[in-house]
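Taking UniProt numbering, I'd label the letters of the sequence shown as residues 1 to 218.
One or more of the hints may lead you astray.
For lysine-lysine, the following DSBU-like pairs were computed, each having C-alpha atoms within a straight-line distance of at most 35 Å [as the list claims (entries may be wrong)]:
#1 K68 x K41
#2 K11 x K41
#3 K11 x K68
#4 K35 x K11
#5 K11 x K42
#6 K35 x K68
#7 K68 x K42
Since the hints were derived computationally from the structure, they do not count as laboratory data.
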Amino acid sequence: MTLLYASVGYKGSVLVEHYVDHGNFVDTARTLLTKIPAYAKKSYSVGGHNFHYISENELVFLCFCHEKLGFSTPFDFLMDIQSRFIASYGHNLPFNAPPATYDPFGRVLEERMRYFSNPQSNKINMIKDQVSVVKDELTTTLEKTMNRGGKIEIIVDKTERLQAESFQFKSGATQLKRKLWWQNKKMMIIIFVIVFYSRNHRSSTNKTNKQQYNIIKC
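Turn these sequences into a full structure, and let the hints steer you where they fit.
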């Protein structure tokens with residue numbers, strides 16, 4: 001899917017535009033430019049195609065494409081040409097600029113339209129759109145849940161139960177740690193007693209053997 005049309009408008013007039021194929025969408029885009037508010041970011045769906053635009057301080061950046069192109073790619077394109085146009089001409093445009101003043105930017109529109117229509121760029125932005133849809137669905141589900149009085153109590157109950165289970169787990173872990181510590185201490189005491197007894201027994205045996213040896217010698 002490709003971007004079919006793009007334009008930059010100011011105070012309801014087209015400053016510069018570029019389109020791949022001519023169609024009635026060009027006239028529709030020019031009419032739409034006269035109705036866009038000063039500060040807006042919006043999309044309009046028309047027969048399987050979409051108009052997307054960004055307007056700021058009466059400066060409008062608009063494009064037209066097939067709906068399968070999604071939303072991320074067109075708006076990334078619009079923000080791209082917006083930054084490039086402002087970098088070249090600034091925010092405050094002269095009131096009576098000659099008609100050909102902005103013609104060189106038409107080549108920029110053509111090149112950036114071709115770039116953002118690249119399939120590889122589209123794949124990345126399709127993933128962005130899918131992530132955005134999932135986020136919107138999750139947000140909508142949460143809003144629906146929060147708007148139902150009974151559901152809120154369930155959420156709170158679950159939260160409180162999770163907090164209680166977490167506290168019980170921590171308490172159980174502490175008790176287990178103490179129990180293992182005492183078992184370890186007991187084991188060390190038992191080992192110490194065994195070693196101590198073993199050494200004393202060995203010393204006593206050696207002493208007895210020495211006494212018996214002395215008796216025999218005598």
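Right, here's what the structure says about each hint:
The suggested pairing of K68 with K41 holds, with an alpha-carbon distance near 19 Å, which does not exceed 35 Å. Straight-line distance between C-alpha atoms of K11 and K41 comes to about 16 Å, which keeps the hinted pair within the 35 Å bound. Straight-line distance between C-alpha atoms of K11 and K68 comes to about 30 Å, which keeps the hinted pair within the 35 Å bound. Taking the CA atoms of K35 and K11, the gap is near 10 Å; set against the 35 Å cutoff, the hint holds.
As the CA atoms of K11 and K42 are separated by approximately 17 Å, the hinted pair is consistent with the 35 Å bound. In summary, the hint linking K35 to K68 is supported, as the alpha carbons are separated by about 25 Å, within the 35 Å threshold. For the proposed pair K68 and K42, the alpha carbon gap of about 17 Å is at most 35 Å, so the pair holds.
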